[in-house]
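Given the coordinates of chain R, assemble chain H onto it according to the supplied hints.
So the protein sequences, as listed, match chains R and H. Note that the first sequence covers residues 1 to 376 in this note's numbering. Note that the second sequence covers residues 1 to 452 in this note's numbering.
Be aware that a few hints might be false.
Here are the computed distance ranges between Cβ atoms for each label pair [stated by the list, open to error]:
(1) Thr349/R to Thr376/H: 22 to 28 Å
(2) Lys89/H to Met225/R: 52 to 58 Å
(3) Pro228/R to Ala21/H: 45 to 51 Å
(4) Ser54/R to Ile171/H: 43 to 49 Å
From the structure, some residues in chain H lie toward chain R, with a derived Cβ separation under 7 Å [to be verified]:
(5) Gly282
(6) Asp286
(7) Leu440
(8) Ile441
(9) Ser444
Pairs of lysine-lysine residues, derived as BS3-like cross-links and limited to a Cα-Cα distance of at most 30 Å, are as follows [said to hold, decoys possible]:
(10) Lys312/R to Lys279/H
(11) Lys4/H to Lys279/H
(12) Lys229/R to Lys302/H
If you are wondering where the hints come from, they were derived from the structure by calculation, not from laboratory data. As the structure is a prediction and not an experimental result, all values here were calculated from the model. All C-beta atoms, glycine included, are put in the ideal place defined by N, C-alpha and C.
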Amino acid sequence: MMVNLGLLINPVAGMGGRVGLKGTDGLVQEALMRGASPGSLARTVRFLRALPSSDVLFLTCSGDMGEAAFIEAGYRRCRVVYRYSGESTAADTKEACRTFLREGVSLILFCGGDGTARDVLEGSGGRTPILGIPAGVKMYSGVFALTPESAAALVSEWNGQCREAEVLDVDEDAYRKGELRTRLYGFARVPAMQGMVQHSKDVFESSDEESAKADIAMFLAEVIMGTPKTLYLLGPGSTTLRIASAFGLEKSLLGFDAVMGGHLVGRDLDERAILALLEKTDHARIIVSPLGMQGAVLGRGTQQISPGVIRKVGVENVIVIATPQKLAGTPSLFVDTGDPALDRAFGGTIRVITGYHVARRRALLSPAEWAGSSLR
Amino acid sequence: MQSKILLEEDEMPKRWYNVQADLPSPLDPPLHPATKKLVTPDDLRVIFPMELIRQEMSPQRYIDIPEEVREILTLWRPSPLYRAKRLEKALKTPAKIYYKYEGVSPPGSHKPNTAVAQAYYNMKEGIERIATETGAGQWGSALAFATSQFGLGCTVYMVRSSYAQKPYRKIMMQVWGAECIPSPSTKTNAGRTILEKYPETSGSLGIAISEAVEDAATHENTNYSLGSVLNHVCLHQTVVGLEAKEQLAMVDSYPDMVIGCVGGGSNFAGISFPFAGDKLTGRRKDVEIVAVEPAACPTLTKGIYTYDYGDVAGLTPLLKMYTLGHDFIPAAIHAGGLRYHGDSPLVSRFVHDGVMRAVAYNQNEVFEAAKLFAQTEGIIIAPETAHAVKAVVDEAMKCRQTGEEKVILFNNSGHGHFDLSAYDIYLQGRLEDYEYPTDLIRDSLARLPKVS
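Extracted from the complex, chain R is given alone in its bound form:
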């Protein structure tokens, strides 16, 4: 059903991790000196070998950015459309994506980590769906398949339906100092995974993600209308976008906007602006959706919502929203505000609004538990 697919490899992805560098951005030579060997090529070979048929035509890049994997896997139906020289860079990744777009690919596959995902999102412009074959040191973004094999299964069974996923990346300088700071870079379209949401033919939660978003947005828009004196801080994401558009408001996609009584009172606010608004209001609520594969509710990609802001609003006024489809892909949720006492104030579980008048209660991990359970 797919005409052709683009595939690119970040040949140095994942190298830093094995030699203790926590990321490879700008440190390839150092990684090589420490004895790292690229793993992304081998992972792409695994992906190609796991494809059930060899009918799909791939457009790819020369050498270690693609072609080498096809040769090693014995996969013949590929055409090199982008050639690079010397060491491949982020600029090559972006340019390869632009080339794929000109060739009219229906999906861009890439093998790498969060850094690669950022470059692919930038190069592809966000409209063409992308899918990551995991190979990086950091994979906080929601655009990766779990394994090369599951990426192959997804590609072969994909019916063209997409869902939205966040592209997050860590500030590597801070990370090497032991500080984890993730930033939200944007939203990508990824193939919707069939069968990931169990028996959801129910009225109370919608079985497709778009109507689930509409249900959640309708519910919360009614809540906002019913509480005209409450200040609402709407976090990033397309569901909050829909809440705002119920009032005819244009929300910033990546930032926090403030809404009160159906009016926009602040757009893409930073911490200081939020605190200033909170000074003038008696009651406020924060509406957020978990970000990325690891399900960060607050603290990763949402630095505007500082511990000071959360304390002022009150943990009981943090409203978490997520579609059932999204929750199915995020087995655990966690908060990491940077203030352990505040993290604990959220308790061991959290309520997530999943539909119109429907919520689920999910376990909420502390950053320590989360690091033990899911850091890769």
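Leaving out everything else, chain H in the frame of chain R:
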């Protein structure tokens, strides 16, 4: 110490206890859905036999159980009262836990206690077929069993999610000769309307009630039968509590606490009303009565006490009760029998007046209690019943803290042999805890019918 306390067949109660007689003031009456005026017996005659309408409104303290009904009830009644010694030991609690086991009936729950009586009165008045709804399938199979005893036809509208999840309940109904239809169906106007709006709906008790009522109202030879909520249903279930009182008296005991799970309220009414009567009349002022419901459908703990319809379509009389709104479709938790937006007007009144109190639990903690119960007392209970067990475990643990030797009585309303897929999901760690976001819903809208 005995494991179970048994009564002889001739010691089975000969009269039902009608708690309405001991209310300090009469119950707020049902109102006509269209005119909002008081419902008259004539309004109800279209779908109910006269004797049940009389019982519904009766001020009489005791009502005789017909001999033909008692005769059938002896197939499994009197039901055993167990002392849950093994559970007590596992909890290291000084509390004394007793439970009435209603899973010994042919359909495996308390439901035939009223199904047999209702089928009997319909048969006496020349009715040929009964239409009803069922959630988890316990009521449908009970009425299928009861109608087969009297040679009546039976049509059961079964909530679609349960029809798919619990095919064995459907087969039981068919074995007893009943017709079982997934709801919403295309057989009724109410069903067709819902299907048009939500073609993929999992259905709900409220929708199924609309269908069964419409079926009965539009067929001369057909009446409607409700498995819970209404006063006469609660009345028929009082055999459970009356027997339990006798059985406890045999070991010189009386409960400090009576616990039951609540969907529409009938099994809870059955175990608790005879004790509520003692509380109302001052004979036993201190008995504590606790209703247990799911957090996903927290009618008594989070609902509003007001007049609302019993069904989605607004065909039934308006009842004064705790309600989450008749258009509320609860999450598809596995305790299907507890997925009801409203509650028995009598139970609601008692909770409102403080005669009883209510608590709510999530699915996972409830199944954890059910597993403990199976591993100690041996019986694999229905997920509905497991809500009561969870509350019992919590109360028994409180006794462990305080050292109190409280006597706790609960209704083990049925077995869970047809709920094993739910246990399977629990064991695999895939059970979702659904909740009703009350605070936000209150902030958003009021959706209840306005009654002046």
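Check: Is the interface hint for Ser444/H satisfied, with its Cβ closer than 7 Å to some Cβ of chain R?
Finding: This hint holds: Ser444/H lies near chain R, its Cβ roughly 4 Å from the closest one there, short of 7 Å.
Checklist line | Minimum beta-carbon distance criterion (7 Å), Ile441/H to chain R | finding: Holds, about 6 Å.
Notebook entry, point to check: Taking the closest Cβ pair, is Asp286/H under 7 Å from chain R?
Noted result: It is violated, given that the least Cβ distance between Asp286/H and chain R is near 34 Å, above 7 Å.
Check: Is the Cα-Cα distance between Lys4/H and Lys279/H 30 Å or less?
Finding: 26 Å, holds
Checklist line | Residue hint Leu440/H, partner chain R, criterion CB-CB below 7 Å | finding: 5 Å, holds
Check: Should the hint that Ser54/R and Ile171/H are 43 to 49 Å apart at their CB atoms be regarded as holding?
Finding: 48 Å, holds
Check: Is the straight-line distance between the alpha-carbon of Lys229/R and that of Lys302/H 30 Å or less?
Finding: 24 Å, holds
Notebook entry, point to check: At the C-beta level, are Thr349/R and Thr376/H separated by a distance inside 22 to 28 Å?
Noted result: 27 Å, holds
Check: Does the structure keep Lys312/R and Lys279/H at a Cα separation of 30 Å or less?
Finding: 47 Å, violated
Next item on the list: Against chain R, run the beta carbon of Gly282/H and see if the smallest gap drops under 7 Å.
Entry: 41 Å, violated
Notebook entry, point to check: Range hint 52 to 58 Å: satisfied by the CB atoms of Lys89/H and Met225/R?
Noted result: 55 Å, holds
Next item on the list: Could you check the hint for me, namely that Pro228/R and Ala21/H are 45 to 51 Å apart, CB to CB?
Entry: Given range 45 to 51 Å: holds, Cβ gap about 49 Å.
When each numbered hint is compared with the structure, violations occur for hints 5, 6, 10.
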